Structure formats: C-alpha cells, structure tokens
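Chains F and S, in that order, give the protein sequences.
Residues in the first sequence are numbered consecutively from 1, following the working numbering.
Residues in the second sequence are numbered consecutively from 226, following the working numbering.
Don't take each hint at face value.
[Unchecked claim] Pair ranges (Cβ atoms, derived):
| hint | chain 1 | residue 1 | chain 2 | residue 2 | range |
| --- | --- | --- | --- | --- | --- |
| 1 | S | Ala349 | F | Gly16 | 44 to 50 Å |
| 2 | F | Gly16 | S | Glu243 | 31 to 37 Å |
| 3 | F | Glu162 | S | Ala465 | 51 to 57 Å |
Hints are computed from structural coordinates only; laboratory data are not their basis.
Computed from a predicted model, the values in this text were never measured in an experiment.
All C-beta atoms, glycine included, are put in the ideal place defined by N, C-alpha and C.
Here are the chains, one letter per residue:
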Amino acid sequence: MITLKINGLETNVEKGTTLLEAARFLGFPVPTLCHMDGLHPFGACRLCLVEIGEGPRIKLVSSCTYPAEEGLHVRTASRRVMRARKMIIELLLASSPQSKTIQDLASAFDVKQQRFRQEFEDCILCGRCVHMCEEQMMAKAIGFRGRGENRSIGTPFDVQSEECRLCGGCMYVCPVCMLRCTYTEPEKAICGGCANLSVPCIEKEQFDDVMCYMEPCVACEITKD
Amino acid sequence: MKESRLSSATEEIVQKHENELGGVIAMLEEIQLQHSYLPESALKTVASETGRSLVEIYGVATFYKYFSLKPRGEHLVSVCLGTACHVRQGALIAKEFEDQLGIRAGETTPDKKFSLETVNCLGACARGPIVLVDGHYFSNVKKTQVSQILKKAREGLDAIDVTTDQRVFPVKLRCPHCNHSLLDPNYLIDNHPAVRLTISFASKHGWLRLSSLYGSNNIKSEYEIPMNTIADFFCPHCHAELVGSSACPVCNAPMVPMTIYGGGLIQICSRRGCKSHTMDLVNSICINCDNRHTCKLMKPEGGVWFCEEYI
Ligand code: SF4
Ligand code: SF4
Ligand code: SF4
Ligand code: FES
Ligand code: FES
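Bound-form chain F, shown alone:
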C-alpha cells in the first residue's frame, strides 16, 4: 500500500494506482479527455494536470499517467493547475471549436476568450480511437500518421482498411465528435464519425473511402428523402 496526500487528505492506494484514479476515488473532480477506463493511459490531452511536490520542486504532471508515490503531496485544483488547465482548454477551443465536449469544458472552467489563431480541426489527436481499435477491438486498423502539424489519424494510405471490423468503436469513444454526431437539432443528426477520421463528407467535398460502419451513409440517406 502507498500512502499519499491529495488536497491535504491522506489516503492509501494500491501500488500502480494512478493519481487520477486516487483523486477520483476520493471524489475530487479531474477533467479528462484522452483517458478512458479500459484503455491504456496515453497522456495526450494534458487536461488532467495536477500539481505535485513541494517548494522549488513543484511541478505539473498528467495525473492519468503518473503512478502514486509514497508520501506524495498532490493538489488537483491549485491556482497554477487551474491556470494551466484553462490554457489547455483555450488551445483545444482554438483547434476544435465545434465540439460540444470542448464547449462544455470551456463553460465549466469559465474560459471566455480564445486568443489563438482559430482552426477548425475535427480531431484533437487524443488517440482514444487508436487505442480503442488496438486494445479492445484487436484490429489495429487506424493509427497516427505523419508528425508535427501534419499528424493525423487514419488508415494506412487513406484507403478503407482490411483490418477494420466496422465495429464503430473508434467513433463511439471519440470525445470531441459529439456535436457533429448528434447536432443541435436531432432531426438533422449525423454521426460525423467519418469526419473525425478526417474523411469528411459534410462541408468538404471529397468522399471516397468512408471509414464508417454506417456505410452507406445515413446522413446522405436522410437528406435524400
């Protein structure tokens, strides 16, 4: 057993428990995006930052990947944590403003402005879909490609993957696609999953290879009638 203090509260956890699990066990809310129970922690979104250490050795770590250590002092909502978290949300907002999840996060954390160059990405590269596909579906059909600003999620060579089981798991776990999937008016609902795999049918023209278990496209079917 490991004894550590979270926000001043002492607790015992099993070896190997992450700070996120420990904090949530005690009931402290820590927002997350890329973390998902049942998938390996990836630490991509940095939203779950917490502060650890004392004095000059204070630092911010991602709680979803940081294992509990004996005698650690963890603060989940210090001023520095809140400032960093707001900044991350602001950055997410700059890349994917149309995501309902991110809009909700922004309003929950009182982020009222967005000072960066606005982009309209569909994907925040959190990697959930990739890990879902690999760890739960054992398919390894999609993955990260390229790097830096060209990093994207998709299939090799951008063609429909032979490994894909058409299970829809990737779309199901995507944390940012919600608004696109259900839209504000349910009758106009489209799943948008394909858009999150950057093969968008809507708003952009090209629509060759759909990575969608709904093929043929439901949205197109709906608009046809």
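With chain F's structure known, arrange chain S with the ligands on it following the hints.
Only chain S with the ligands this time, still in chain F's reference frame:
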C-alpha cells in the same frame, strides 16, 4: 513476377534486421535504398513478416522525413532550410531550384530525373546555405551556382574524370597466390593495361577486365553480370580462387584480394554494383618503407608509386 521478386527481396531485408533493436527503421532504410522510395507492397510485407500492424509501419514511414512513400527521381536534391541556412537565404536557393526544375519542393520532375525536397539542418550550419545532392554536400551555395549544381548532378556526381582527377592513379596488380602479373597489356581500359581475372557466376564462366586505375570503376566482361550478383573470382594463371578473409564493409559480400607490386593489398567487393574497395599499403607509403633512410627520392605523404622504377 516483378511483384514477387520485390517481396522476396523485401523478405530478405526483413530477416536481416528482424532481431535488431529499432529493426523496423533499418528495414525501411534499406528498402528505400533499393527502390528509392517505400512501395506500398513492401510496407505490407514488412508488416506481415514482423507481425506488426500495417498502420504501425505506416506511422513510422510517415513520421520520418527521410522516408518517402512516393517514387523519387534519379537524383535527390535536398536544400537545407534549417535556422542557420535560412538566415543565409536558404529559402532563395530553394526557390531557385524550384524555378529551374519547374517543380515545387517535395515533387519529382515529370521525366523522373530530379526530386527536390527541403530539410531542416544537414549538420553543416557554419558553411550554409547547404545543398545535398545524391549524398554530395555543396556549401555556401549561391543562386548563380544552382544551374551548375544541376548540371553536375545530371552528369553524375560519382563519375570521376580519370584523365584529370588527382585521386586516380594506376596500380600494378598481381595474383596473391602465384605472383603472376594480372595486367593485360593487350587490353586497354582508360588507356591503361586492364586487370584480367576469371569469374564465374550462375553457371557462367568467363573473363572480366577491370580498369587498373585506382578510383575508376570501369569494367568489361565476357558475360553481362546482373546487378547485385556476387561472383567468384579466379586468377587466370594459376586458377586459384581469390577470396579475402574479410567481408565487404558496405554489403557484406566476400572481398577479392590482389597484391600490389611494391607491397600492399587491394581488395575489391565481389558484388556487381558495389563500388567498395580497400587498399592496405605496405611499402608504397614512404613512412612505412624499410628503405626510407637510404632512399633519395622525395617522400610525399601519399608515397611514391612504383618507386623501384625510378631507382
Ligand atoms: S470501426 Fe474499424 S477502425 Fe474503428 S475501432 Fe472498429 S475496427 Fe477499429
Ligand atoms: S478522432 Fe476522436 S478519438 Fe480519435 S484521436 Fe481524434 S479526437 Fe481522439
Ligand atoms: S459517412 Fe455518413 S453516416 Fe458515416 S459518419 Fe459520415 S455522415 Fe455519418
Ligand atoms: S486525460 Fe490525462 S492527459 Fe488526457
Ligand atoms: S541549418 Fe543548414 S546545415 Fe544546419
């Protein structure tokens, strides 16, 4: 047929690096050297042979700028746009290459001669702007030199002008077994007597003549030797097989040893197309020579070739 040959060559590469740390990158590097790019089918073979997913291999192949998924031209021009080269107008040089080749960076000319790319730092910042063409560095490149660089690349940067190049000199070789001269005064290559050997490969048996100029790669042979073939070499006089104790440092094929008049050993690679050769000098270099205290000749650093002829 072509497809299956490609995949067996790929399989060979995969097996070579299978148990290495970071083996996948080594495999991809070697495949790219062979084809100048990474063909889709080769990536699939790597994935199935290593038991990894295609998306993983594809991820690696797209992560590194060094790898290309599109066929590249015969010559690869890389213009450095790293910080140091950028402040020295590397971008202007890149633009000039784009204009002269009529393509953008990242593209290949329609005649498949040139591919142009920009890179971030080639590790020679102090001498920037740097341009790398087919493995040859050009430093302090000015806009006006661009056309000249392209011209040189077209002529082949590896080609050596045997008549003027200082690095080329004639060597006299003999068989390490019977000590007979291997030079054939009746057959000239590069205007010098050629080195005559007997070779055999794939049930063919015939003569091979090499240029006796050290640094020249010109050869003539009775039968056309396909690229990549490893041949067995024999002395035309005593018919002993010429095999060295070492393997080629580049491609691992056996080396072929020949002795130099005046001492020393030249080894050439037995693989067609591999230009690797080594020279171990014993006497020819003055500082190693037993006679250096009594010898009256000038003793330049590179040695006096065939000094016994002058004495
Ligand atoms: S639908 Fe295909 S790509 Fe998505 S998780 Fe399932 S197997 Fe993977
Ligand atoms: S598509 Fe969705 S789940 Fe996949 S990386 Fe992008 S944001 Fe994450
Ligand atoms: S193809 Fe149609 S059904 Fe599939 S995700 Fe796109 S909009 Fe939805
Ligand atoms: S939830 Fe921890 S980094 Fe995304
Ligand atoms: S910046 Fe060009 S070589 Fe380093």
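Against the structure, the hints come out as follows:
1. S:Ala349 with F:Gly16: 44 to 50 Å: holds (48 Å)
2. F:Gly16 with S:Glu243: 31 to 37 Å: holds (33 Å)
3. F:Glu162 with S:Ala465: 51 to 57 Å: Holds - the Cβ-Cβ distance for Glu162 (chain F) and Ala465 (chain S), about 56 Å, lies within 51 to 57 Å.
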